[in-house]
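Since the structure of chain W is already known, use the hints to place chain H on it.
2 protein chains.
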Amino acid sequence: MLIVQKYGGTSVGNLERIKNVAKRVAKAKEEGNDIVVVVSAMSGETNKLIEYANYFSKTPSKRDMDLLLSSGERVSAALLSIALNEMGYPTIAMTGRQAGIVTDSSHTTARIEKINTKPMEDELKSKKIVVVAGFQGINKDGSVTTLGRGGSDLSAVAIAGALKADKCEIYSDVDGVYTTDPRIEPKAKKLDKISYEEMLELASLGAKVLQNRSVELAKKLGVIIEAKSSFNENSGTIITKEEDIMEKPVVSGIALDKNQARVSLRGVEDRPGIAAEIFKALAKENINVDMIVQTIGHDGKTNLDFTVPQNELERAKTVMKEFKNEYELVEYEPNVSKVSIVGVGMKSHSGVASKAFETLAKENINIEMISTSEIKISMIIDEDKSEIAVRALHSAYDLDK
Amino acid sequence: MLIVQKYGGTSVGNLERIKNVAKRVAKAKEEGNDIVVVVSAMSGETNKLIEYANYFSKTPSKRDMDLLLSSGERVSAALLSIALNEMGYPTIAMTGRQAGIVTDSSHTTARIEKINTKPMEDELKSKKIVVVAGFQGINKDGSVTTLGRGGSDLSAVAIAGALKADKCEIYSDVDGVYTTDPRIEPKAKKLDKISYEEMLELASLGAKVLQNRSVELAKKLGVIIEAKSSFNENSGTIITKEEDIMEKPVVSGIALDKNQARVSLRGVEDRPGIAAEIFKALAKENINVDMIVQTIGHDGKTNLDFTVPQNELERAKTVMKEFKNEYELVEYEPNVSKVSIVGVGMKSHSGVASKAFETLAKENINIEMISTSEIKISMIIDEDKSEIAVRALHSAYDLDK
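Chains as they are written, first to last, in this note's numbering: chain W, 92 to 492; chain H, 92 to 492.
Warning: the hint list may mix true and false statements.
The list treats identical chains as one, so a pair stands whether inside a single copy or across any two.
[Stated by the list, open to error] Within a straight-line C-alpha distance of at most 35 angstroms, the following computed DSBU-like cross-link-like pairs (lysine-lysine) qualify:
#1 Lys332 x Lys280
#2 Lys216 x Lys149
#3 Lys139 x Lys110
#4 Lys205 x Lys218
#5 Lys118 x Lys209
#6 Lys149 x Lys218
#7 Lys149 x Lys209
Bear in mind the hints are in silico, worked out from the structure with no lab data behind them.
Here chain W stands alone, though its shape is the one from the complex (with noise of 0.2 angstroms):
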């Protein structure tokens, strides 16, 4: 098997765990697999950078950070061919350049373009570990660039994806994607599998194993995941197509983000645009808009009701009282949270919302605002009651069993 391995900061977070990760690695390979291992910087080490280039200045430019931020990963994926060396086992250390890895030019969030495959074959080839710098690339011009947060995990499914590796395993410091956060719920259950759609959803909404962008290039590329800790021996959980899933539970997972405070709109002038310009004034002033719910207007007026993350809740008001012409009231809730449920069985299941709906009623859980895709039901409510929702939906759903 061709494997593409990625360990994290935390992962590598010390000269002992890089050790650790060492030993990983090698004992993959002695199972008779090729393996490319993606390294992102030793924790801690980007945050520092990032406060030594805040120390001359608020604006850097972006070309600069991507050099500076660069360095750490380097650093890395040299430590560990060291390591590895040492061990006996041959090893190539590569840059995202040296990797083939071409990215647009946008500077601190750039896309991978392509990857030129080439160097890394040629060195799995001679049978060698390749050892890569992840989080990197380099632009047409030559310029080093950086991915954006969660880059290197990136570099890892858009690598395994080039070299149509059989496997892209992402260690971290979670043992793989939970029912709901076992925080929580510590009945809560590892999930074996999970689709790409349902992951994308979970991640959204909070489940900080894998980002967005990694996902959505995984399921692009129909690279299988494989996220699971570099700390212990646990299986972890498979992201995969929906297809190759065999057992498609209805939910598969509970989320809750606690971060999101509510605005309401009583009596809007029920005119076309007026949402529109609301939205776009938030949009300007940078406010991320989650939820929004508008209801059915009846003479002539409507309600409107949307939430923001609770620290961006106070710009919100100020920007209201822009509008403050187009509405009758505007009621403010700096507390709210939204638990969401997640799960592709949905799609062919009704009765999911509804048994929702009834949980909360039982619990005795009022639901301000309702929110559904085809996979999904988020619901807003009080922030107080937040845990005690998840943990009863979480057993509605016999999540536990």
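For chain H alone, coordinates are given in the frame of chain W:
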């Protein structure tokens, strides 16, 4: 003027010092010059990375070491570029590769083969300050290489040569080149100018301002160097062609090397090849023989004296045992010093050597070995008397005037 400035590890040793460097660069730019700045890694960084590597292996691969060690200069270059930008100066930060520095493939001790100057020239034309990560380049396969100790000086000199810069300013924590070590002789004076040849002798004798490889390259390329401090506004020392120095002092400086041990072989059989055999055996053990003196033999016997660094004396003794049938007597003196007088003026002046011998005789200092070159006289003396010797010679040649 086109000026290449190089700032060493202590000059960029922390964020405040980098800001200070930015101010110096800005000042030179404001004076109407085009500027290329070459920077070392922040002091301590390279040693830290070497320690990291040694945690895994005592013999890490040199290719991996180059990838590892080249990261430090990238950080400095990016930070200096950010600092200059913030002050309103457009910059372009470049790695060794981006600056067009192509080396051979001798990882960790690569030699610069050529510099593709176009990228730097283009940026200079658009009036940007070019900031280059020193110490590094790439070989023709695209692998990262480093130039060895003092490598950033080499980068700067090579860039100055390739761009035909008017001057290459090398900044460190010392003011320039002195007539002797001011810690030994407080009356030591900073030299305004010195020839490449004298600098080479002084550097090989322990003056730490510049390493020989950089001076040799400057001589070859005709690059005028100014060695100066980044911590004050004092003028430094110009290192240039002998012809460009109007007033040639007979003696430019006195150097002292206290790290010498003497080996004396008496009654060595005077046959061809014996010296070659002995020094080959020492070289095989990586013992760095410095001065060698052989006196004319009589009765088929000769005396052979040489010096080695003090910490290599024990190994030299072991080698001498292999040759015990080749000599009658061996003496070891573990603590001797080499005092040297350097000056291009010596070539056209007689009596320089005799004045040295006279001066030491007056101080009752016995000379154990003498070795001379066209512009240098070196003498081995008792270590206890070495500082007295330096002060006496400094005064005898009027260097304190």
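Checked hints:
1. Lys332 x Lys280: within (21 angstroms within a copy, 77 angstroms between copies)
2. Lys216 x Lys149: between (46 angstroms within a copy, 28 angstroms between copies)
3. Lys139 x Lys110: Answer is both; intra-copy 23 angstroms and inter-copy 17 angstroms each pass.
4. Lys205 x Lys218: both (24 angstroms within a copy, 33 angstroms between copies)
5. Lys118 x Lys209: within (25 angstroms within a copy, 47 angstroms between copies)
6. Lys149 x Lys218: So Lys149 and Lys218 pass the 35 angstroms test across copies only (24 angstroms; inside, 46 angstroms).
7. Lys149 x Lys209: For Lys149 and Lys209, only the inter-copy Cα distance (32 angstroms) is at most 35 angstroms; the intra-copy one is 40 angstroms.
Checked against the numbered hints given earlier, this structure breaks none of them.
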